[in-house]
Each structure stands twice: as C-alpha cells, then as structure tokens.
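**Student:** Take these sequences, add in the hints, and give me the full structure.
Protein chains: 2
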Amino acid sequence: MVDVLALVEQARQGGPRAVARLISLVEGASPQLREVMAALAPLTGGAYVVGLTGSPGVGKSTSTSALVTAYRKAGKRVGVLAVDPSSPFSGGALLGDRVRMSEHASDPGVYIRSMATRGHLGGLAWAAPQAIRVLDAAGCDIVLVETVGVGQSEVEIAAQADTSVVLLAPGMGDGIQAAKAGILEIGDVYVVNKADRDGADATARELNHMLGLGEAREAGDWRPPIVKTVAARGEGIDEVVEALEKHRAWMEEHGVLATRRRARAATEVEHIAVTALRSRIGDLRGDQRLDSLAERVTQGTLDPYAAADELIAGLTAS
Amino acid sequence: MVDVLALVEQARQGGPRAVARLISLVEGASPQLREVMAALAPLTGGAYVVGLTGSPGVGKSTSTSALVTAYRKAGKRVGVLAVDPSSPFSGGALLGDRVRMSEHASDPGVYIRSMATRGHLGGLAWAAPQAIRVLDAAGCDIVLVETVGVGQSEVEIAAQADTSVVLLAPGMGDGIQAAKAGILEIGDVYVVNKADRDGADATARELNHMLGLGEAREAGDWRPPIVKTVAARGEGIDEVVEALEKHRAWMEEHGVLATRRRARAATEVEHIAVTALRSRIGDLRGDQRLDSLAERVTQGTLDPYAAADELIAGLTAS
Numbered sequence: 019m020v021d022v023l024a025l026v027e028q029a030r031q032g033g034p035r036a037v038a039r040l041i042s043l044v045e046g047a048s049p050q051l052r053e054v055m056a057a058l059a060p061l062t063g064g065a066y067v068v069g070l071t072g073s074p075g076v077g078k079s080t081s082t083s084a085l086v087t088a089y090r091k092a093g094k095r096v097g098v099l100a101v102d103p104s105s106p107f108s109g110g111a112l113l114g115d116r117v118r119m120s121e122h123a124s125d126p127g128v129y130i131r132s133m134a135t136r137g138h139l140g141g142l143a144w145a146a147p148q149a150i151r152v153l154d155a156a157g158c159d160i161v162l163v164e165t166v167g168v169g170q171s172e173v174e175i176a177a178q179a180d181t182s183v184v185l186l187a188p189g190m191g192d193g194i195q196a197a198k199a200g201i202l203e204i205g206d207v208y209v210v211n212k213a214d215r216d217g218a219d220a221t222a223r224e225l226n227h228m229l230g231l232g233e234a235r236e237a238g239d240w241r242p243p244i245v246k247t248v249a250a251r252g253e254g255i256d257e258v259v260e261a262l263e264k265h266r267a268w269m270e271e272h273g274v275l276a277t278r279r280r281a282r283a284a285t286e287v288e289h290i291a292v293t294a295l296r297s298r299i300g301d302l303r304g305d306q307r308l309d310s311l312a313e314r315v316t317q318g319t320l321d322p323y324a325a326a327d328e329l330i331a332g333l334t335a336s
Numbered sequence: 019m020v021d022v023l024a025l026v027e028q029a030r031q032g033g034p035r036a037v038a039r040l041i042s043l044v045e046g047a048s049p050q051l052r053e054v055m056a057a058l059a060p061l062t063g064g065a066y067v068v069g070l071t072g073s074p075g076v077g078k079s080t081s082t083s084a085l086v087t088a089y090r091k092a093g094k095r096v097g098v099l100a101v102d103p104s105s106p107f108s109g110g111a112l113l114g115d116r117v118r119m120s121e122h123a124s125d126p127g128v129y130i131r132s133m134a135t136r137g138h139l140g141g142l143a144w145a146a147p148q149a150i151r152v153l154d155a156a157g158c159d160i161v162l163v164e165t166v167g168v169g170q171s172e173v174e175i176a177a178q179a180d181t182s183v184v185l186l187a188p189g190m191g192d193g194i195q196a197a198k199a200g201i202l203e204i205g206d207v208y209v210v211n212k213a214d215r216d217g218a219d220a221t222a223r224e225l226n227h228m229l230g231l232g233e234a235r236e237a238g239d240w241r242p243p244i245v246k247t248v249a250a251r252g253e254g255i256d257e258v259v260e261a262l263e264k265h266r267a268w269m270e271e272h273g274v275l276a277t278r279r280r281a282r283a284a285t286e287v288e289h290i291a292v293t294a295l296r297s298r299i300g301d302l303r304g305d306q307r308l309d310s311l312a313e314r315v316t317q318g319t320l321d322p323y324a325a326a327d328e329l330i331a332g333l334t335a336s
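Protein sequences, first through last, are from chains B and G. Quick note: the first sequence uses the working numbering, first residue 19, plus one each step. Quick note: the second sequence uses the working numbering, first residue 19, plus one each step.
Since the hints were derived computationally from the structure, they do not count as laboratory data. Since this is a predicted model, take the numbers as computed values, not measurements. Nothing false has been slipped in among the hints.
Any copy will do: because identical chains look the same in the list, a pair fits if it lies in one copy or spans two.
With a cut-off of at most 25 Å between alpha-carbon atoms, the simulated SDA-like pairs for lysine to any residue come out as follows:
hint : residue 1 : residue 2
1    : Lys-264   : Gln-317
2    : Lys-91    : Val-248
3    : Lys-94    : Gly-318
**Tutor:** Structure follows, in structure tokens:
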C-alpha cells in the first residue's frame, strides 16, 4: 500500500513523481482512490481550470504550449492534462511525454500529463476531474485541459473547465464543424489560430455571425471574445491570457464561478454515485440473488420491475 | 386510469387495439407500466422470439413479411416488432403501419408494431423487451423482431431474441460490414437473400469462411446454417423456418434456451434497476441534499466519493 499522506505532502512540495503517482492512483481506480481523494479535498479549489477544444489540426497542442510559456513568464505554476478519448495509451512519464511540450519538460513549475479514456471505468467524465484535482492540490495555479478529438467528449471536458476556449483555424470548414459538434455553445473564449493564413478574417466574421455577437445582449452578460493568434510564433497569446483573465473576473463578479463549480461538483457526485450503484449491481452478476430473480422472471412468477425492486432492496440492505 | 386487467384480457382474446394500447403504455413509461408488467408476467414465456438483423438493403422487411406468411400458413399467431433506432417516429397504428407489411394488415392473427427508440428512457434495451412481453402475453407463438439500421443496436436487439437471424445480400460488401458490426458473433442462422443475383454463391462462401464453418467443432455445438433466399418470391423461406425450428430444438435439447432466457432476464432486471437508481439520483437535481453536498465538495470539506456515499445513503433511506 502506498503512503498516501506522504505522497500528497510530496506533491504539495512540488515533487513531480509524487504528482505522477497520485494521478496514476486516481486514474486506475486504485483501491486507495478514496483515501487519495479524501486527502486531496482540503487542498483543492485554488487552481483555475481552462479547457481547450477544437477540431484536429487547429493547433491545440501548440496553443497549449504557448499558453504554458505565457503563464510561466507570469510566475504561475501550470498543469497540463491532455485528454485523448480515442487513444488506448495513458499515463506514462509525467514530464516530456509529448514531443511538442518538450520545451517545458525540464521546467519544475510545469506538470504535463496525457490521459486516454478508452476503457476507463465511467469514461472521461469520471477520470478527468480526479486528475484535475491532483494537479490542483499539487499547487498548480492554472490547469490547462486539452482535448484531442471532437464530439461529445469535448463537451464533457468543457464541462470540467472554469473557462472553455474553443479553437478554430481558417479554411478548415470549422464553422460547420463547430456547429455540428455543439462546441459553439460551450466557448467562453474563441481563438482563430493560424491567423496568418488566408481566410482568418472570414473565419472570425463567420464565427462572429454564428455566435450572434452582433446582437444586443443583456447588460452584464458575457460576450465571448474572438482572439486571433499565430500560436507557433506566440502571436496573440497574451491577448488570449487577457481574455481568460477577463472571463475569470467576470465570473467572480457575477457569482458565476461558484455556481459553475457547484454544478460541476453536483454532476461529479451524481456520476460517482451512479457508477458505484451500477458497479454494485454488476457485482451481482452470477450472484445467487440476481440468478434466482431472473429465473422467476422467465417462469412468469415475477415481472422484471418487481424483480428490479427486490434487487435494489437487497443492494441497499447489503 | 386505464383498466389494465381488462385490457390484458382483451389482448389475450386477440383484440388488436388492446395489444396496441398495452404496447403504448409500456413504451411510454406510463405510470401504469408496473401494473401492466405485473399483469403480463404470468402470461409470458410462450412466444418464440426471432431477431432479424442486417445492413440496410438486404431485404429485412421483405424477409420478415415472407416469414409471417410462412408461419401463418402453419397456423401460428405472429407478432412483428420493427425497431428503428434512428427514427423519431414510434407507435402509430398497430396494423398496416408499414407499407410492405400491408398484405398482413387485415389478418387478425398478425400484430405489427413499429418502434423507434430515440429518446426512450433507457433506449432500446429497455423498450423492446417490454413490447415483446406484450406480444408474448397476447398469445403470439412467434415474435419477429426486425431491426432497421446497423451497429450496436442490432447487437442489443439480438440479445433480446431466442434465435438471431443475420441477413446478407450479394455484392454489398456485406462480409466486411458484418465483421465490422460484430454481427458475425450473434447469428444463429445466416440468410443470403437476393440469391438470384450475381455473387450470391461468393457471399455464401465468404461467410462460410469467415464463420469458420469448415473447421472442426465439438460434438453437440451449434453450426449456424447459411440459407439462400429470394424473399420477394418466397423462395427459400421454408428452409429458413426449418433452420429456425432446428435451432430451437437444439437449444431446448441442450438447455441453451432456458440459459439464454435467464441471462436475458438478468440483464433486463439489472438494466431496470440501474435505470431506476439513476432516475432516483436524477430526481435529486436541484434538491437540497445534492446541492449542499456539491457545495461542500467545492469548498474542499468533503471529497466527491464521500459525497457520493452520502447521496446513496440518503437515497436508500428515502
């Protein structure tokens, strides 16, 4: 058994290996998961979580790396969680496990973690918040959560973030892509990357139109800014950081941050509870109780709903 | 409130409108669902459930219709459940709601029901077995469950059947399609329809090869037959019926039918229990308990796992 408290203390002191081991523990649904989560809880809440989503090829990794550089210059400790819902590979070295992040590999103020979610118990919604909590407790001021891939998983990841950045690039038909993926509803800040390419202005205009940014808004409403960047050269990145800070300030001013975090915690607790109950029921596979209930259903002496009631009653009694 | 017992009695007497209303009740998760299921339970178990799956265009509806004709000639009462996981339309007229089935529309020994599953609480796995149970209780000797579409839903529907028929047609690249969709693992009987077309023999050979039918098997193992049909002309349909009867006899002889039905009932009970628990938790949305747990999680005074435990405890106490 791992000495969880010692590990948490080491992570708190900035030990990258301790952080890596803690993430592995929560990621792998270790028997000590609950112990880890209990130890982390009082240490969390300090990190600001920024989600980055967008279609493949828009330059998410480059943008993330540029944001890390900017935040490091400002003296912030930064955690990076790169989530790839389609990859079977997970974990690995905490530092330098991704080539494009290699410039930050030797920086003790940066934690980088790749996370695959295929095969994870409960999927993305389950694994990512636990890893974010580790990075938070380890003293990261900013946690950047970058999702590779598109679709539902992006929306799920965005739901984990305090502020969601949606990236696009010119000439990729991103407008339609974005609309399809529903990511137009999740962006707090929009970035048109590769803005030195033809069509950047058109993409920004199209986006502006789709977001209805020209329309009147209620006073006090958040108006998602559209920032143009060339992340590979670091251009526009300071403006992105500024937009993120503005959004954070707006959320704090309007009580939105607390509301978002509470809603997120509620979803997470709900998800863990459902997973736990599902797993308890799954444990009954091959169990005498479920078998005999099933037998009675096939014989017609019990209907499946009454059987489910009996199953639940037995579950909560145990 | 509907007089459920009277309705079940009318259905038992062969009243098509009573059958239709019962299916609507179970499909729509009516408050009387449990009452209906309890009333149906003692009347079920008599129907033999045959699943028909295959890619669009292989002639599933035509084959189903031809099978109905064959079973009717043999004096059997037949229920047809056409499940379309992608369609938002459901229910409708019990008789004659599908053009290609129109020849059976005026036959009082045939019940035809279309079922869409989009938006159904619990999806396909939840809705279909209840409708099958209604048709079973109404005295159908055979229930044909035809799935439109491909993929996971087919596999789910196959899991509801006593015997699964996988349909293919020549020249559709069905071999690869079938392998991809995983339906090669679910077929008890294979049908190459449109066998008057070029390539029918090649499709049958390819299938034979993919299924490893040339390899040695344990004595007593079921060896899925491959039947060639031209369903539009009724050719080969008697052979399909014969293959189905053989599979049924083999399952009964080897105790497989009882095992399958018990496993199916166990899955169903499990599914209903999980759905019920999930719904109970979902009911807590906006509830004081979940909100205050979430608040404590965001404040770091409680970890999400401990919060989930409290939620579950509160759930089972209520």
